[in-house]
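S.K.: One letter stands for each residue in the lines below.
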Amino acid sequence: MNPTHVRSTFFPNPDIILREVDHALVLFDPHKDAVHTMNPTAQFVWEHIEIPPEMIVTALQNTYSVSTEVAQNDVQHILEQFQTLGLIQTNPPQ
Amino acid sequence: MTYCQQFIIADTHYQISTDDTLLAEILLHILAGFHSEITPTSAATTFEIKHKSDKTITVCQTGKLAVTYLTIDAFFSQFEWQLVRAAFDQMGFIGIHSGGVVCNGKTILFPGQSGHGKSTLTLGCILQGCDFLTDEMILIQPDTTNIFAFPRVLCIKNDAQIFRLLDKQKALQDTHIARRLNNCLCVSPQSFNSIPQQQPCPINLIIYPNYQPNAQTKITPVSPVKSLTYLLALTHKRTQTPSILDTLGQIVENAPSHELIMSNLPDAIKEVQNLAI
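Those sequence lines, one after another, are chains A and B. Just so you know, our numbering puts 32 at position 32 of the first sequence, and the rest follows in order with no gaps. Just so you know, our numbering puts 18 at position 18 of the second sequence, and the rest follows in order with no gaps.
Quick caveat, the hints were computed from the structure, so don't treat them as lab data. Fair warning: there could be bad hints in the mix.
Okay, derived cross-link-like pairs now, SDA-like style, lysine to any residue, Cα gap no bigger than 20 Å in a straight line [said to hold, decoys possible]:
#1 B/Lys226 x A/Gln76
#2 B/Lys226 x A/Thr41
#3 B/Lys226 x A/Gln72
#4 B/Lys270 x B/Gln240
#5 B/Lys237 x A/Arg19
#6 A/Lys32 x B/Lys218
#7 B/Lys237 x A/Asp15
#8 B/Lys170 x B/Cys186
#9 B/Lys226 x A/Arg19
#10 B/Lys218 x B/Gln113
Part of the chain B face toward chain A, derived, beta carbon under 8 Å [as the list claims (entries may be wrong)]:
#11 Pro224
#12 Thr239
#13 Leu245
The beta carbon of each residue, even a glycine, is placed where N, CA and C say it ideally should be.
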């Protein structure tokens, strides 16, 4: 299956403002007046957020040479955090 | 009219007037740094201040009642913020809670919350010959990231004795320059070297003062990402400024950031001077 044709599972919250500084991402939610920085794994997931989670797991495995179990746990945990913080949504941005 | 003065914040003209002697005396002191030889303009935003018989103080902005202060202390501590808000509304500048000086030609910011040592470090540096920008608020032009002076009166809340050794010109002994208001030592900046308010200054260095009694003076680098998050937390109206991360990101990418743990003011000033070489 062509990955570009797979329905995306998550989308960035369009209200979030972000900027890369010194190769690291800083995210600012003006509605909550909250600022977020990310560790490299979280940043990797964020940069692949619009592909399905199982493909993010595979990409993480390939990039960091970690086991499937570790990659799955990391991706699941990070996506849950992103959702809790309101950084991502399931609906495509309008 | 007891007091009527036009002055500038960044590129906007203001006119302040009052016919009350006590208010005039306070205004003369706290706004001394803003006074300049400017041509009066009818386009100035006007503030007319009155001391009412019930002791309250009213401020009319361009003819309309803008705010009422219940006490002189409240007027003293909050009126400048009214000016700052008016400046922001008109200009779209970004304001950061920060001290600022120019040392050896380098523009240095001292961002920090109240109590971290912004005013102490700023006054210490200008007593040592640095040029004054502000001890409270820097105004940033978003598209250039240049800053402009906001030369309000310096308010020192702690023991002023620590400045005695640094005050070689005895400026703080002059009651026209330093006086007690609202439990602060208030130092008018007009006797020190100040950067003209209309002169844009590119930011060269960011130093976060961190006053810790009995700690050893120490300076450590702060990463650009941390610096951006610190600056963001100190930015006025950050949630209403969509370009805020871009502006602050440019600043931290171009100006190295440090944290200065300080308890001894002369040692802290030396660290600032060393970084500005």
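S.K.: Going back to the hint list, which numbers does this structure go against?
M.R.: Violated hints (numbers, rising): 1, 3, 4 and 6; every other hint is consistent with the structure.
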